[in-house]
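Asks: Protein chains in written order, with the numbering used here: chain X, 42 to 330; chain F, 42 to 330; chain H, 296 to 675; chain G, 296 to 675.
All clues given are correct.
Cross-link-like lysine to any residue pairs, in silico, SDA-like; alpha carbons within 25 Å at most:
#: 1; chain 1: G; residue 1: LYS671; chain 2: X; residue 2: HIS318
#: 2; chain 1: G; residue 1: LYS430; chain 2: G; residue 2: LYS458
#: 3; chain 1: G; residue 1: LYS458; chain 2: F; residue 2: VAL77
#: 4; chain 1: G; residue 1: LYS458; chain 2: F; residue 2: GLU101
#: 5; chain 1: G; residue 1: LYS355; chain 2: G; residue 2: PRO313
#: 6; chain 1: H; residue 1: LYS564; chain 2: F; residue 2: ALA255
#: 7; chain 1: H; residue 1: LYS407; chain 2: F; residue 2: ASP122
#: 8; chain 1: G; residue 1: LYS458; chain 2: F; residue 2: GLY85
#: 9; chain 1: G; residue 1: LYS297; chain 2: X; residue 2: PRO283
#: 10; chain 1: H; residue 1: LYS502; chain 2: F; residue 2: THR300
#: 11; chain 1: H; residue 1: LYS376; chain 2: H; residue 2: LEU482
#: 12; chain 1: G; residue 1: LYS458; chain 2: F; residue 2: PRO116
#: 13; chain 1: H; residue 1: LYS564; chain 2: F; residue 2: LEU325
#: 14; chain 1: H; residue 1: LYS458; chain 2: X; residue 2: ASN92
#: 15; chain 1: H; residue 1: LYS458; chain 2: X; residue 2: ARG84
#: 16; chain 1: H; residue 1: LYS458; chain 2: X; residue 2: GLN87
#: 17; chain 1: H; residue 1: LYS458; chain 2: X; residue 2: GLY83
#: 18; chain 1: H; residue 1: LYS502; chain 2: H; residue 2: ALA518
#: 19; chain 1: H; residue 1: LYS407; chain 2: F; residue 2: PRO283
#: 20; chain 1: G; residue 1: LYS430; chain 2: F; residue 2: GLN87
#: 21; chain 1: G; residue 1: LYS564; chain 2: X; residue 2: PRO282
#: 22; chain 1: H; residue 1: LYS407; chain 2: X; residue 2: ASP122
#: 23; chain 1: H; residue 1: LYS458; chain 2: X; residue 2: PRO94
#: 24; chain 1: G; residue 1: LYS502; chain 2: G; residue 2: GLY372
#: 25; chain 1: H; residue 1: LYS407; chain 2: H; residue 2: HIS435
#: 26; chain 1: G; residue 1: LYS502; chain 2: X; residue 2: PRO283
#: 27; chain 1: X; residue 1: LYS328; chain 2: G; residue 2: GLU661
#: 28; chain 1: G; residue 1: LYS430; chain 2: F; residue 2: GLY85
#: 29; chain 1: H; residue 1: LYS407; chain 2: X; residue 2: SER156
#: 30; chain 1: G; residue 1: LYS297; chain 2: G; residue 2: ASP402
#: 31; chain 1: H; residue 1: LYS564; chain 2: F; residue 2: ARG317
#: 32; chain 1: G; residue 1: LYS617; chain 2: G; residue 2: GLU531
#: 33; chain 1: G; residue 1: LYS458; chain 2: F; residue 2: THR105
#: 34; chain 1: H; residue 1: LYS502; chain 2: H; residue 2: HIS435
#: 35; chain 1: G; residue 1: LYS671; chain 2: X; residue 2: PRO282
#: 36; chain 1: H; residue 1: LYS617; chain 2: F; residue 2: GLN61
#: 37; chain 1: X; residue 1: LYS270; chain 2: X; residue 2: PRO187
#: 38; chain 1: G; residue 1: LYS564; chain 2: X; residue 2: ARG317
#: 39; chain 1: G; residue 1: LYS407; chain 2: X; residue 2: ALA152
#: 40; chain 1: H; residue 1: LYS458; chain 2: X; residue 2: ASP122
FYI, nobody ran anything at the bench for these hints, they're computed from the structure.
Quick caveat: nothing in here was measured; it's all calculated off a predicted structure.
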Amino acid sequence: MSILVDNETRLLVQGITGSQGAFHAQQMIQYGTNVVAGAVPGRGGQWAVGNTPVFDTVHEAVATTDANASIIFVPAAFAVDALLEAADAGVALIVCITENIPALDMARARAFIDSTDSLLIGPNCPGLISPGSAKVGIMAGHIHTPGNVGIVSRSGTLTYEVIYALTERGIGQSTAVGIGGDPIKGLNFLDVLQMFERDAGTEQVVLIGEIGGADEQVAADFIRTEMSKPVTAFIAGQTAPPGKRMGHAGAIISGGEGTAAEKIEALQDAGVAIARHPEEIADLAAKNV
Amino acid sequence: MSILVDNETRLLVQGITGSQGAFHAQQMIQYGTNVVAGAVPGRGGQWAVGNTPVFDTVHEAVATTDANASIIFVPAAFAVDALLEAADAGVALIVCITENIPALDMARARAFIDSTDSLLIGPNCPGLISPGSAKVGIMAGHIHTPGNVGIVSRSGTLTYEVIYALTERGIGQSTAVGIGGDPIKGLNFLDVLQMFERDAGTEQVVLIGEIGGADEQVAADFIRTEMSKPVTAFIAGQTAPPGKRMGHAGAIISGGEGTAAEKIEALQDAGVAIARHPEEIADLAAKNV
Amino acid sequence: MKLHEYQSKRVFAQYGVPIPSGEVATTPAQARAIAEGIGKPVVIKSQVLVGGRGKAGGIKLARTPDEAEEVAGHILGMDIKGLTVKQVLVDEAADIRSEIYLGAVLDRSARKVAIMASSEGGVEIEEVAAQTPEKIITVHVHPLLGMQGFQARQLAYGIGLPKEHIAAFTRIALSLYQAFVESDASLAEINPLVINGDNQLQAVDGKILLDDSALPRQEQLAALRDPDEDSPTEAEARESGLSYIDLDGEIGCMVNGAGLAMATMDIIKLYGGNPANFLDIGGGAGADKVLAALRIILRDARVKAVLINIFGGITRCDEVAKGIVEAITSLNVEVPIVVRMVGVNEDEGRQILAASNLPSANRLSEAVQMAVAAAKGEGA
Amino acid sequence: MKLHEYQSKRVFAQYGVPIPSGEVATTPAQARAIAEGIGKPVVIKSQVLVGGRGKAGGIKLARTPDEAEEVAGHILGMDIKGLTVKQVLVDEAADIRSEIYLGAVLDRSARKVAIMASSEGGVEIEEVAAQTPEKIITVHVHPLLGMQGFQARQLAYGIGLPKEHIAAFTRIALSLYQAFVESDASLAEINPLVINGDNQLQAVDGKILLDDSALPRQEQLAALRDPDEDSPTEAEARESGLSYIDLDGEIGCMVNGAGLAMATMDIIKLYGGNPANFLDIGGGAGADKVLAALRIILRDARVKAVLINIFGGITRCDEVAKGIVEAITSLNVEVPIVVRMVGVNEDEGRQILAASNLPSANRLSEAVQMAVAAAKGEGA
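Using the sequences and the accompanying hints, generate a full structural model.
Replies: Spelled out as structure tokens, the structure:
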């Protein structure tokens, strides 16, 4: 079992004719994801990546193919329009890979999406994967293996590092969700932890956080008070100097908020095992198997 | 018993130091309404209408007096700010008397209010009254008498006419709600009918509609499918010529939508007794007593 | 409030919608000069605030400046549905390849602005809605989010627009929404939006209705009001703060409150009479407003009786009575007046009226029956 | 991206916020001329993109043009926290009666812009937050609705502003929000907002941070970038599309992905080393980016060893390997380089590297330990 995506996922790829969109659509299809349609204005009626029909609008794509999830590979200047379109068309799960979307645009978009029934993951995220059933993202599929560890992370390659270490030790994953590093985004740690807590196929959870914001502290609160499954965590940026932006827009410390030390303390207080480096996560997770 | 307002109502008057606000605050207090505060920017710390404390902001008024309802007597140019302020401060029931608020402002305000827990009545309405316990509006209190007929109306003086006829025949009212005649407003017929249907103190309902829009048709649908209590209705504007605006911004017929004939037919199909003139409502209601 | 075609198109043009080059003329000579300036065939279009100008002969093609002068001379002064044509728009004639409808309207049920498009432009959208509703594509705009690009594309692809026009159409649709919102419109239509001989989109006809409640903050647009939109009497009433509409009957009515005024008209009809007008004196009217209202009603020669129906509340009966007495004293009243007055200060009001010996009633239906009888000369 | 004080205040002024009259000078003579033009005492303020300019002696009063020239001569060229003062703002000196704080910041937890005000202006808001948090009034703005008048009044009354200043403050707060949103800021502060000798509100100091993601659509603001904001190396990295930050350690790192880069730094520290930099080559970097990254790292004389950590995905290991080989060939590499490469095309990458005889490891922790040892001269 898994959360958010599985064999029932019928995926729409927004921007399927771009180089990123086409490449990853191909990769997702190869992994076994059920890619049912693409949407690119002006390309309606064409076929992409083999036999995937392309539509001019998301509404048309959804009406024709019953797509229930969408992944967005659209340049930053058009990505907000694309995700609003998906939400307006009633797509249940929207995954936005695009990076460098202005934060105020995301604040507006998120406020709108919250008034719909859609869930958003990202932007600026690698997407998510339920190993063995569906990959809706840009991660390398082959490093994953099915299992019962749920993973939620703000980071991309750092997550691969952890997955790699887990898989090497024979510990499989139920679903790995990359929520992205932007300051304003869709699902956060709390939302995903709640889903893992409810998911019968997930027996323990790995949380990969980083400096900036307070989402890890909010997650810690939930873990302490509501969560029955064991959690292991790693927080990146312990050595990052304050006030400098480390790539992710979210990874900036201002006014003393969001240091690695604060986050680690909050998580430890909630009974979370803290790994000192990514590979140690696998060691700690192994104890819970 | 009654809906929306009663002895538990703690009323804030926004614009209490204006001539309308002061006059009607006085009238409401005389009727027995529990007026706990006024809000007027720049008048904080003063007293109005005898011993009602005035605050600069609604948040301060609510924090100090636990006001749970607000009535707005503020000029059209400032009324939307006033009602957003009340909603933001968590006031449960907001009654906006002000007329001539631009429709697009109301569309925006309503979209915001829908994201809060507040209910809005109006704008451009006479307010509402639960006879014998609370008057939150500008109607003449003395023509009402306590009883178990619920009234919901888009019109002001026309409602008084009906109430007057009911009271003259000894038929009392549980609550009379003037929802106002504007095209975009807070509670509509449907919302108030649902409340009356649930209210143990209401045994039958009188609906007073007029030309324009389709709210009466929506109400008819609910009455037909969900409502157990008898409903009597009058629709004003049967002789109004199409395309002309009859005072209320809502009372305009365009493109054949919203004629009195359509509305009457829909209500009759739902089993509603239709009065040919306002006084006849009392005759019809008397049959249900 | 309605804007003329040329005013509406200028508003659209401010937001970047392409419109034909053209100017307004009030004389045939001006029309000729404009046509000369354009240097191509022109269309002479009467500017009156009613529909059906084309069918009435108020829109004509002119191939030369001579013809423009002649056609303008014919159209200027023409009567269209009771309105005299005082100005014509002289527009470069478009070589029309196809006609699209594009409109924005406030949808009160959805509480949102609806943007509609149809490949069937050039006819009234109500007609399309009745005959081929599937040819109308509608999107609703979230009031706080505003219109989005994807919505414009939904319309464009929805009406099957050729690919080469999608981008231009999208810009025009977003502009129309912007114009609608920033003008506080209740309706804004481009019909037809044509694909012309140069294969460009162009708004050939336009229409804007403004939200009257927003006019105080739309000074520039409010200043465009054509006094001919309302009858002189309606305009005078508006000046006095009254809401008045001319009707065809014989019983003048003066009522406080729009709903009650409409109900009063309905009851007049019910008892066999016909209302001569709708007149709402509003809430809290004083004696001066009442006087102004009666002056307007009594000027109408068709009026055979007057019915005054006041339910006192904010409006006080004694104030209304004062106005009535003043009217009777100062105006030459030749028709019977029936007064029905209930509510705040009704006793004081009746006392003031007592001297004037006016027939009055307590119940509304009774008062209406008296007025109907009086209008029929059956005495009151 | 940070704006200078004078740039920030000019942005605010465009939105109607009152600011002191003043100009920027790059020479003492210019400062004198500006002071003469103002004709009143002035403040000479160093324009450098760091805090604490006042304490560092970078802000001084000058009563006369002579004094302005002298003071400007002193401040220009001064070193403040490693930055050389190249320009000063010569502002009319305000007669300050009281100081207010007013700021807007994107609150990521609330996902809204927070507007904060305090009667304790003129000091850092963090200090007020730590000592007298009750003196900070905050409102959150609904992203779709925008800031409302009532919210500005909540701030004004909340900080106990005298009645006479409420209206002006309200306008300024709404302007600040507008400036924030239309500039795509992540922070916009007026501190202090003063009540001056003429009893008027005036923004005496201002600060704006811009959202880097929005710079492509903020061309005018983006053009204001001060190249001194970043070190020359950081600026060069940005030109090459790399995310680079100078640090103090001895181990240069090159990583793909920000989270993995931070984690790599953390592990270096864990094993007793110190990272010399943060460097994220981003996703899908080619050989040229890798070459540019290594050139930047190797230029730092403090670097005693380089750690390359690549988890192939969008980034292909063979491409990275090509860049490394090119760097070794073309640059004068005098320090050991440890490569750790896993993922897409790792075998091809290793083959390319084989010739170069670089130490490599499969596990990250192992690679880090090798790099730390190498930096300590313990051989790799």
